[in-house]
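Asker: As a plain string of letters, each chain reads:
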Amino acid sequence: QSVLTQPPSVSAAPGQKVAISCSGSSSNIGNNYVSWYQHFPGTAPRLLIYEDNKRPSGIPDRFSGSKSGTSATLGITGLQTGDEADYYCGTWDGSLSAGVFGGGTKVTVL
Amino acid sequence: QVQLQESGPGLVKASGTLSLTCDVSGVSISSSSWWVWVRQSPGKGLEWIGEVFHRGTTNYNPSLESRVSISVDRSTNQFSLKVTSVTAADTAMYYCARVRTDVRGRMISYYIDTWGRGALATVSS
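Chains E and V supply the protein sequences, listed in that same order.
Numbered according to our numbering, the first sequence terminates at residue 110, and the numbering increases by one at each position without gaps.
Numbered according to our numbering, the second sequence terminates at residue 125, and the numbering increases by one at each position without gaps.
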């Protein structure tokens, strides 16, 4: 059972957009910044979004992040077949004094 | 650029100790960074195991704390993970990574910007 809650899967057709939610509490998302990662199994995860909505260099602007209260959202527009991967949210949890991840969301391009 | 590479035995006997090392290159491990271990068990999501600061301070996942130890060796620019009393549930891909963290007012910025490629550790009975 992950501290942060994500939907197991989302899907859309190529060119469409998807939104992945990440729900937490005041000890994590509510009072700390959120990051998002893209993961193709067997490879190193890649940082997509940090500090709620900032993109590292090299990450296309098709990926965006937002946060409201104790929930965060990753948006992907112009969906491509290469976006089929698992996506994780993460943050610091002040009550646990530990980093935490969501359970992951599998994105499928129909 | 910063690179991390995990190494260690791929097979560990149940009830034994799993030991992995992360070789850091491109930056001194003594820079102002925390260094973290994350794992992914088959069919499951990412799990934060614990982290170490270059001065040796550590934080651990409360669910693993009694069995986990993370240390740093500044002379070799490496940090290490030990998991004791392993079971099949500890079979996973283990990743070492660099944390970027800062305090902005009352909020903590915490994210992992550089990851190793991962090392598979299998617990055998």
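Watch out, some of these pointers could steer you wrong.
Just so you have them, the derived chain E footprint on chain V, three or more residues with Cβ under 8 angstroms [as the list claims (entries may be wrong)]:
#	stretch
1	58-64
2	73-86
3	92-101
4	105-112
Just so you know, these hints were derived from the structure itself, not from any lab.
Just so you know, these numbers come straight off a predicted model, no measurement behind them.
All C-beta atoms, glycine included, are put in the ideal place defined by N, C-alpha and C.
Asker: Hint by hint, say whether it matches the structure.
Answerer: Now the hints, each set against the structure:
no., hint, verdict
1, 58-64, "holds (count 4)"
2, 73-86, "violated (count 0)"
3, 92-101, "holds (count 5)"
4, 105-112, "holds (count 7)"
In the structure shown, a violation is registered for the earlier hint numbered 2 alone.
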